[in-house]
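This is what each chain is made of:
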Amino acid sequence: MAQVQLTVNGRAISRDVEPRTLLVHLLRDALGLTGTHVGCDTSQCGACTVHMDGRGVKSCTVLAMQADGSTVTTIEGLSTDGSHALQRAFKEEHGLQCGFCTPGMIMSAADLLARNANPTEHEIREALEGNLCRCTGYHNIVKAVQTAARTMQNA
Amino acid sequence: MATAAPMIGASIKRKEDGRFITGRGKYTDDINLAGQVHAAFVRSPYGSAKVNGIDASAALAMPGVHAVYTGADLKAAGVNPIPPGWLHAGIQIGDRYPMAVGTARFVGEPVAVVVADSAALARDAADAIVVDYDELPAVTDGPTALSAGAPQVHANATGNVAFNWQLGDADGTDAAIKGAKTVVRQHLINQRLIPNAIEPRACVAHHDSANDELTLYVTSQNPHVHRLIMGAFVLGIPEQRFRVVAPDVGGGFGSKIFIYPEEVVACWVSKAIGKPVKWTATRSESFLSDSHGRVHDTDVEMAFDGNGRIVGLRVNTVANVGAYFTLFAPAVPTYLYGTLLSGQYDIPVIHVKVTAVYTNTVPVDAYRGAGRPEATYALERTLDVAAGQLGVDPAELRRRNFIAPTKFPYQTAVALQYDSGNYEPALDRALTMVNYAQLRKDQAAARAQGRYIGIGLSAYIEACGLAPSHVVGSLGAQAGLYESGTIRVHPTGKVTVLTGSHSHGQGHETTFSQIVAHELGCSVDDVDVVHGDTSKIPFGMGTYGSRSGAVGGSALFLSLQKVKEKGRLIAAHQLEAAAADVDFADGKYFVKGSPSRSKSFGDVALAAYLAHNIPSDMEPGLDSTTFFNPGNFVYPFGTHVAVVEVDADTGHVTVQRYVAVDDFGNVINPMIVDGQLHGGIAQGVAQALWEGGVYDSNGQLLTGSMMNYALPKAEFLPMFETDRTVTPSPVNPLGVKGAGEAGTIASTAAAANAVIDALSPFGITHLDMPLTPATIWGAIQQAKGGK
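These protein sequence lines are chains A and B, in that order. Each residue of the first sequence is one higher than the one before, starting from 173 at the first, in this note's numbering. Each residue of the second sequence is one higher than the one before, starting from 134 at the first, in this note's numbering.
Just so you know, the hints here were simulated from the structure itself, not pulled from any lab data. In this text, a Cβ means the ideal position worked out from N, Cα and C, and glycines have one as well. There are no misleading hints in this set.
With beta-carbon atoms standing in for the labels, derived distance ranges:
1. B:A843 - A:T292: 20 to 26 Å
2. A:Q238 - B:K917: 48 to 54 Å
3. B:S144 - A:G302: 26 to 32 Å
4. A:Q238 - B:P558: 56 to 62 Å
Partner residues aside, some chain B positions facing chain A, computed with beta carbon under 10 Å:
5. S144
6. R147
7. E149
8. Y160
9. S251
10. I331
11. G385
12. Q809
13. L810
14. M840
15. L844
16. P845
17. L850
Pulled out of the complex, with its shape left as it was, chain A reads as follows (with noise of 0.2 Å):
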């Protein structure tokens, strides 16, 4: 066992692990927060994607002993009641149906928005090749990322 200390969502943590848990795992298993999800075993489908230290991250992909010191953000810090732009925005168009790739996919967008504040429609769809989607065809998520893209500069 190892232990490693972060920050997740504005809270600092200490936990002891194996030094092979994943940083999901960790996120998920033992702070319970479940928004995270695990969709594969090769970093394809990006339904782990989380920020660390500012940027988008595969979270099945890090080991929780890398993430030692950092800042994380998983869905569930991005805002509580869903009220951030990319949130509203993947309701208001209809980016997401079972809602499994949600979290990961909101995360990839927020990360591309953060680098590209106004980003074209093959920029979006580029960005997020590491996001997998079954249920939409992606069609309503770019058009989710693109409104939030638009409320965001107007604020």
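We have chain A; now place chain B onto it with these hints.
Below, chain B alone, put in the same frame as chain A:
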């Protein structure tokens, strides 16, 4: 008082989204019970193998490991094989025990289970179990399995034939083909697909020994079906002491219909060791254990007269069913396939023959569309080949063969009777949207510049809203396909809906609330929808076959009529009016001609529960349950057009445009219907261009992860252009059809036809899917070399 805007037909934003966008959805893997242990499975690494013995001593010696069980242990304890839910005459069923007993028949078949304190420890322990196998020869390809000397998958299925099935007029079709002016022949492979709902399958089973009650949380599209089959047929648990809960489920596409071994094992082990047992699939396990889809090898002969009219159609299909039959598997390549082979066309005579064959692969069952995409692809791909041979424009050839609108109801040559349809408007609208005439000119101009644009059409029909129970019963279904719907009005006038349909992305919490709000004149926020729990819902057949709106929604609609009628009697009693003189609108009962004499629905609901002043012969309370059993399937149809560009130097395909015009009858929530269509199109286009499950001849799945099975990404797809025609279905009171599978049914043929159209300058008339750059580039090189 102004009339409220109708709720049916409104694009209401989804009620369920709040929890999903904040990470508060409750999926099966999010459920943890006190004292739970974790299961991990040992799976066969061989396509076919004799299991001689299992040594679990090292695993059992690991601290934190509770138990190891094998297939033989469960069989000895009385656990039965998992049966299919559809039978045909002469069907040979190879028993599927939850874990292999004696012989393992596909890579990934469970052989043993270990339960331990953590999922990681269970996995470690599973890896420490030593299984003594004798590897046997395997066979993975359908036609090969039928060949002389092929390895036998099951002793009782001679030559690996699981069943033979046919439909239509063999002699008449033979005569039509012999007498035809032109016969177009095409061999088609409809490749293996692996569903890949983004949420992996999972379960948590908890046996409560104090009450001898079992609760199973499971990723299911149909929890009552799970309970019935697992309880009554496999495990022998009284239904009333078996609760199955399907909480939020992250997509199904068919793959979560079936009763899977892992769920059975978790239930049995929970009782055996007295602890809750949890199992969640890794994605690698999903590839090796979720039922796959399609896998047809088909010969089509389409016969034409001198005017380009189809005079006969013969289809011969080898359907690879994998190593075992799962729940719907016998129905998919037969009644969900052969019956659709008339498409939108007036074909006087058809004969279809299907040979279902066992192989050493994951079982093959319903995957989004389930038989209907295979039928549409066979018809629509062959029609394009025919258009080329006959020198007729593909749109014109389709138009020439459409069933005339005056011919409905139309009896096809393959059993179905289409209730309604009008196919030219959808074709015309799609051609207008895509600007077809100009596009053909642009295509010619591009070709002159060495650019390869392709235009692909697919005019489809599907039979969904499964289904008339007496019909499916006569065809071999071991269940009825009605649906239950309860409207429970509370004393305050708020409403709880209990539905046997199950939402795993479809948005029922919103659309079903809309039906209630529309009928009762209340807000959608005054309605809560409960689904997915056998302890709360009277009964349910679940969600698949695009049936929730047409069957589940209709059950609710009929219950609402009963509630409204009882309310009318209460209102009439209190208003001292004859019931016939009381109307209901905008949430109020009122006396005809004097609208000020009225009672709100809430007043009436309260009165029903107070029972102080209701008709003396009336029971108190206000609720109703309906089991709606539709009289026929519903028949969505439409025309889809794909426009692609092929880079002849690399074989890369760009989907430039995708136009879909569909007829789903009345639409409850257009936003949700469009969303389902988008997702369906993406899955169908993905079959045409990217996805394909591949086994080697030893039975190893070569496409066993998302690294080598190409799921569509955002950057692969364009924005979709959609429109609708509206022909209400006459078979249900809402006039709705189904929209969940249409996109997938139509789009595979449209995309494939577009690519082949683009390649036509090379003399290419057909390539089997997926039309990857390697396939296309190779075909172009071959075509060039041949010139």
